[in-house]
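Enquirer: Kindly generate the complete structure, drawing on both the sequences and the hints.
Below are the chains, spelled out letter by letter.
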Amino acid sequence: MLVRARGLAKSYRGAAGHLVAVLQAVDLDAAAGEFVAVVGASGSGKTTLLNLLGLLEPPDAGEIWFDDVRVSHLSRRAQARVRGTRIGYVFQSFLLVSGLTAIDNVLLAARYVGRDRATALREAMLLMERLGVADRRDHYPAQLSGGEQQRVAYCRAVLNAPPLVLADEPTGSLDDAHARVILGELRGLVRERGTSVILVTHRAEAAAEADRALRLDGGRLEPHDDSITDIRRLR
Amino acid sequence: MRRFLPRGYLFTVLGIAVGVAGLVALGAMAERISRFIEGGDRFVLGQISVAGEGMGMGAGFTAGGLLRAAKIAEIARVPGVAAAQPQVMLPLKTTTSQFLTLTQELVLGTDMSVPMVNRNYRELPVRAGRFLQAGDRGVAVLGTDFAAARKLGVGGRLEVAGLSWRIVGVLDKTLTAPDRFAMVTIEDARDLWLRRDPLLVQLFGAAGLGRGDLNSGAAVAWQPGEDPDAVARRIQESVPGVNVTIPGEVSRLLKESTAFFSALLLGIGALGLVIGGLSLSNTVTAAVFERIRDFGIKRALGATDLHLLREVLGEALGVSLAGGAAGVAIALGIGWLVDLRILRDGQQVFLFSPRLLLFALVFSVVLGALAAAYATLRIAHLSPADAIRRGT
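Protein sequence lines correspond, in order, to chains A and B.
For the first sequence, position 49 matches number 63 in our numbering, and the numbering has no gaps at all.
For the second sequence, position 382 matches number 702 in our numbering, and the numbering has no gaps at all.
In case anyone wonders, no lab produced these hints; they're calculated from the structure.
From the three backbone atoms N, C-alpha and C, an ideal C-beta is built for every residue, glycine too.
Treat the hints with care, as some may be off.
[Stated by the list, open to error] Looking from chain B toward chain A, a few residues come up when the C-beta cut is under 7 Å (computed):
hint: 1; residue: Ile617
hint: 2; residue: Ala620
hint: 3; residue: Leu621
hint: 4; residue: Gly622
hint: 5; residue: His627
hint: 6; residue: Glu631
hint: 7; residue: Gly634
hint: 8; residue: His701
hint: 9; residue: Pro704
[Stated by the list, open to error] Here are some, though not all, of the chain A residues that point toward chain B, as calculated from beta-carbon distances under 8 Å:
hint: 10; residue: Asn65
hint: 11; residue: Arg90
hint: 12; residue: Arg95
hint: 13; residue: Gly98
hint: 14; residue: Leu122
hint: 15; residue: Ala123
hint: 16; residue: Tyr126
hint: 17; residue: Ala148
Expert: Structure follows, in structure tokens:
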């Protein structure tokens, strides 16, 4: 199993000061080369779950294993290494660094893992050409459309060929055409590279790309049978 | 360039520049006043000034009546005295003669047959032309501010009270009293004095006065190994009818009378440091906090605390250095413009010493780096998700 999460719990302090439990004892497995979709209503904790799995914030309780290594208890430095080399992120709001050009944003992924810049640049350009944003390489994020920004963010997420890609509503800010491009790319990653993808979404057509769909409701994760049925029917 | 000065830092650089410009401008004013006071102190500690008894206020550094030649000869014989140089020091404008001010313009006549006695001003640096020589008549050497205020240079002529002197030299800037002097030989100064004060002419003969008695004071040198204060007291005790300034006491009095200025300087310096420092550190800290989202993204991409600290420090260094240099440039520009205007009156308000400029640059870089490190450490404890949330 590539990713194994057990008993994940996370609470936030609400406006009134009391704790709001967002996730409660969540278990999740994702095998290598598996495309898992997590669906749920807005505010159900999908993004929080992805943040915990991606080591972007610590859980209040529970453990996360990555290739049989318990990564949730590693040092900050070791977790940074895991994030840089093993995980790629695609966010709904793209999260590009506004002061960097498109190509520099993509290359940011290689900077912190000590990759050779020339090799990374070559690969980044190939990726950007494939996604149709190579001609925008020297543009800043503010000069790109939403679709272009997401494609640049996608290039950044997969530049280091991470075995796991976490996608948080990657099509949430895109029109249908651009959404199809991103979903097709994620599907392609699973099929061609054997990458595991965990996608959180509220869009049925996005979840339909997955091998398996789970529903997050009331802080708990459960199989999303309707969705699976839908997916199978759609295929 | 972008590596050292990332995009979006223009306003940060400007913010730092304003703070540093304030620091440098205030510092330059403090330097200017400080140099003037130091120069005065060095002068009074370099010689014993003696004047005749009586009230002759406004005649320069010495305050007293005529110091006749016989008295000067008497002084020269006092044990421990190495030389006594007769001098005539007259205010250029008689209307202000009763006010001995820091910025008073003076005509100083010295007896060039006697070597300059002031230990700290053996020679005044000449920027153009030459200094006075024994036997000169009808020539003048001008202090730099005196010359600049009148747009005079070597070869020009200085007209005072109907007398005309050819300018043979212009002094280098000393940033103290001589900058506002017109220096002539003592005979020329005596001519000016007689022309200005006809009563003196009537006293010739009647009081047994000769031209050699027309001295407003004398600069007295002491022999090597002698204590100047002890020599001054010896003159005081053994030569009646003279006003003697005790170098150590005058220096102390000068320091006391300029204590206000010293406090002012300290205040200006402290104010400059606080204003400049706060502006700079606030700007850098704000710039780092503004990028909290970027740090979150970078940490999500594998950046460690050390990566971010190194990155931020590198950027802070570039930004602080650029802001510091821009601030120095702004202050220099303002100083130049102000001094250009003020110099018409023979004044200089700013002194941009190399040590001040170096201090401003080092100060901005060090403070910028400290502020950046502080801000980075403040946000380092945030998880990547928290940093992204807070910065969005």
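Enquirer: May I ask you to test the interface hint for Gly98(A) with respect to chain B, counting a Cβ-Cβ separation under 8 Å as satisfied?
Expert: holds, 2 Å
Enquirer: Given a cut of 8 Å on the nearest C-beta pair, is the interface hint for Arg90(A) held or broken against chain B?
Expert: holds, 7 Å
Enquirer: Restraint: His627(B) near chain A, CB-CB cut 7 Å. Satisfied or not?
Expert: holds, 6 Å
Enquirer: Does Leu122(A) hold up as a contact with chain B if the rule is Cβ-Cβ below 8 Å?
Expert: Holds. Min distance 6 Å.
Enquirer: Does Ala123(A) pass the interface check with chain B, least Cβ-Cβ distance below 8 Å?
Expert: Holds. Min distance 5 Å.
Enquirer: Given a cut of 7 Å on the nearest C-beta pair, is the interface hint for Pro704(B) held or broken against chain A?
Expert: Nearest chain A Cβ about 4 Å off; hint holds.
Enquirer: Would the stated hint for Ile617(B) survive a check requiring a Cβ distance to chain A of less than 7 Å?
Expert: Hint on Ile617(B): holds, closest Cβ of chain A at ~5 Å, below 7 Å.
Enquirer: With a cut-off of 8 Å on the beta carbons, see whether Tyr126(A) makes it to chain B.
Expert: Hint on Tyr126(A): holds, closest Cβ of chain B at ~4 Å, below 8 Å.
Enquirer: Can you verify the interface hint for Ala148(A): is its Cβ closer than 8 Å to any Cβ in chain B?
Expert: violated, 21 Å
Enquirer: Let me know if the C-beta of Ala620(B) comes in closer than 7 Å to any C-beta of chain A, holds or violated.
Expert: holds, 6 Å
Enquirer: Please check whether Gly622(B) passes as an interface residue: C-beta within 7 Å of a C-beta belonging to chain A.
Expert: holds, 2 Å
Enquirer: How about Glu631(B): closest beta carbon in chain A under 7 Å, or not?
Expert: violated, 9 Å
Violated hints, listed in ascending order, are 6, 7, 8 and 17; each of the other numbered hints is respected by the structure.
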